[in-house]
Amino acid sequence: MPDTSTIIEFILIIVKAGAIAMVLFGLPLPLTWLERKIAGHIQVRLGPYRVGPHGLLQPFADMIKLLMKEDIVPYKADKLLFVIAPLLAMVPAFAVFAAIPFGEKVTIPGLDYELTLYLSDMNVGILYILAMSGLGIYGIILGGWASNSKYSLLGGLRSSAQMISYEIAVSFAVIGVVMLANSLSLLDIVRAQGGNILHWNILYLPVGPVWFFIFIIGSTAEINRIPFDLPEDEGTLAAGFHTEYSGMKFAFFMLAEYIAMVTVSVLAVILFFGGWNAPFYIPLPIPPIFWFLAKVSFFIYLFMWIRFTLPRYRYDQLMNIGWKILLPLSLVNVLATGLMRLYF
Amino acid sequence: MIEQFFFYMFAIAAVVSAVLVISVRNPVHSAFYLIVCFLQVAAIYILLRSPFLAAVQLFIYVGAIMVLFLFAVLVLDIGREQFRERFHGQTVPALAAVAGLFVVMGILVVSGKITAPLGPFDEPALMKNTEVIGKSLYTSYIFPFEVVSILLLIALIGAVVLVMSGQGKENKG
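Heads up: the protein sequence lines correspond to chains A and B, in order. Residue 30 in our numbering is what sits at position 30 of the first sequence, and the numbering runs on without skipping anything. Residue 23 in our numbering is what sits at position 23 of the second sequence, and the numbering runs on without skipping anything.
Honestly, the hints are just simulated from the structure, not real lab data. Treat each hint with caution, since some may be false.
[Said to hold, decoys possible] FRET-style restraints, in silico, Cβ to Cβ: (1) A/Lys76 x B/Ala72: 18 to 24 Å; (2) A/Arg45 x B/Val16: 51 to 57 Å; (3) A/Arg45 x B/Leu152: 28 to 34 Å; (4) A/Ala95 x B/Asn26: 23 to 29 Å; (5) B/Ile142 x A/Asp71: 53 to 59 Å; (6) B/Ala72 x A/Asn148: 15 to 21 Å; (7) B/Leu20 x A/Thr107: 35 to 41 Å; (8) B/Leu152 x A/Leu310: 33 to 39 Å.
[Said to hold, decoys possible] Stretch-level coverage of chain A by chain B, calculated; a stretch enters the list once three of its residues show a Cβ under 8 Å from a Cβ in chain B: (9) 39-49; (10) 120-131; (11) 159-165.
[Claimed, not checked] If you want a taste of the chain A side facing chain B, the calculated C-beta under 10 Å gives, among others: (12) Asp78; (13) Leu80; (14) Leu81; (15) Ile84; (16) Gly134; (17) Ala146; (18) Ser149; (19) Leu153; (20) Gly156; (21) Ile168; (22) Ser183; (23) Leu184.
Built from N, CA and C at the ideal position, the CB exists for glycine as well.
Only chain B is shown next, with the shape it has when bound in the complex (with noise of 0.2 Å):
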């Protein structure tokens, strides 16, 4: 009951943030409203007993993404033309995709499809979860989880060349 109440409290914020994050004109605004939308979803993890989880959505992506995001759209020199128009000329598509998800996602919660099956785990044994977690990361789910590793790396490599080939064509200049 007070359960309910409170995820009903975080699921209308982070809709309601989602919202605002996209109509709001000013970047920096969306970047905040993106934050409080990340806030309300690590809420939503501690609900559904995954408190690591929730702990690592505010350390990854409030601490550390948004941190950077954020750098990246206060240096950003963006017109007031931008500002104005807001959808790009997205909103027929963007809608009709929004109403196409709506349609899915009702047909296969009526017919009762979106249901998984609850884990071996009761729920004092779900609120330590951060041993599960790291033991299925490790033994199941290794490989996965070492390509993201690579994948991760790629990126950075690549990042890494990219202001390296920029800072060449300065010095040439």
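One chain only, chain A, in its complex shape (with noise of 0.2 Å):
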């Protein structure tokens, strides 16, 4: 019979991951709002006005209206897939957040409780996440094949070969971070990072913004974001992956979208920003956990900021970019990083 202790320890590591995916599954609410009033602020315009205060209920109108909207199986399509596709392009979004570290120990005050702000700390946290976050890909290229559209099956393979060209920059970009932190766990790496802002990844220079520089970029394409939209590029391709898919299945793929660009914006902040560092030493007690949700929130808005500025690539370019010029400077930036962790 296993004692108190360890059934506290499953308990609260059941009620983390609850809490997780509850906030997962609520984030995209507030994030559709933000982007679509980022657009119209950036196009000059007011962006959702009617529903509530400043368009603030919107969101929840577009959840009813992804709710009673009619759920279309095309007669012609591998209906086995087409059900699963958004499933498996939803579940590696949120098994992912099983490794990502919030902060360290907390004391929760007046229990004398300590709590750990992270789920697992995993030994291999690093190389899981960019395993799990691969996953998602099947979602799109399933969905694309199983809907029998030539619009959704040319999305899909888009989006397997773009994946494949940008994952190998990601994961170079990855190794970078890992050869300065001296380990593939995430709570090393941000411990690596302690002290003061001239401690973080992006400036340990020369190396770091150049390693920056090519995961920003390796990771808007893999989370399908102008101007690396190509999968669903409406100009050329309708929508692309999900032309055919409506109602949750739809709300299914924007959810796995919207997460992994939350995915991408906490890796960001803990391999090149610190994580919950503070930049430079405040004399008052702000919780870490504030400095890493504020870094998260300059990431998200950053990425819609590029959305809405930026002209999408043709595919060529798309290609030419992942292989002649992120490849390369990646090989050339691994060998520059092993020099100066030798000589420095």
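Since each chain sits alone in its own frame, please combine them into the complex, following the hints.
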């Protein structure tokens, strides 16, 4: 019979996993509103304004619309894969968060119990995250194929080629960070950047900024956002891989995409911007989680900003950037990082 | 006890999906079941206390190789007739081979010859095995490691050469 502390640990893990899942499920609501508002401001218009004050209730209206919409399965679609594909896109997006830390231990005031702000400290954490986030692609490829439509199939094919090309660059960027921290564990990576802003990987000159540059471009391509959203290029492919999807199945794809954006923002903060470390010493009791969330919010904003600022690349340009610029650059940078670690 | 339950769960899922890979008619479905099979194998690696191998299995096999595989299968144009004939007359030799393997493995298991000595690592050391793997790869196994990398390089160059020669013919014609 296990003792009480094991049972408490067990219950805590379930509670924490549940809490993270609930937050992730709820997150697209404010994010869609923000995305539309930011789009409005960048394009000098108001954005959603009718439903609730400043359009604040617009996401709920959208949600009701998606729930009420007819759920269409095309007559000639592959029924099994068509239904499974949105889940294949969504589940890995959630599973990634099993390894993501949000902070070190905190003591709950009053209870005197130490709570860790992460689900698990895997010693292969970053590798697990890369592997899991790569699995989301199957939702897109199989969904595109199962729809039995030319646009969807082309979207799925583009997506798989794009993923393979940019996954290499992203993995190299992560290898660079692993070389700097000497560990695959995300907690150790953040700990290695402790202290002030000068210890952050982004300021490990000259290779840090290059790694960040490769990482952010590669991951923008992997999460299918402008300027790399070729798999759902509405100019040439209708809506790409999700052309045939409607209702909640479509919502699952969107959910996965928003969570992927949050994941990439979180990873950028953990890998390059010191995680929950404060940028400089402030003699105030600011909790570390504040810095973490502030930095993550900045990156989410950055992705939305880019989306409404840049045009889309052509497909051959996309391949050229991946194979002829990012890949050689990462190879040179691995060498430079290794030499710097050896001699400095 | 719990571990055994999980092992049987993953093992049964792996075997069932592996059988489905060769028995379903549609090549895309086959690829899908192969992905499922690889996922179960990754889970079994975790039960064997090698999280690094599990993550690499997910990353390389499921995340990269199967994506390329699917890419190729999706653009293949396979006729309906080939769907119908699934085993291409290999049923009898395949069954014989499986039966032979089963007998050999059975004899080995029953006679107790299938055992490997545990390494000098206890459980917590095994869970942090990334460093151990790295060290043994670059010291005791450096020669096979380099041979494999040269082999992969040759395959890479071969693929490029094949594509280039095909392009040349098109231009001439």
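Can you list which hints this structure breaks, lowest number first? Violated: hints 3, 7, 9, 18.
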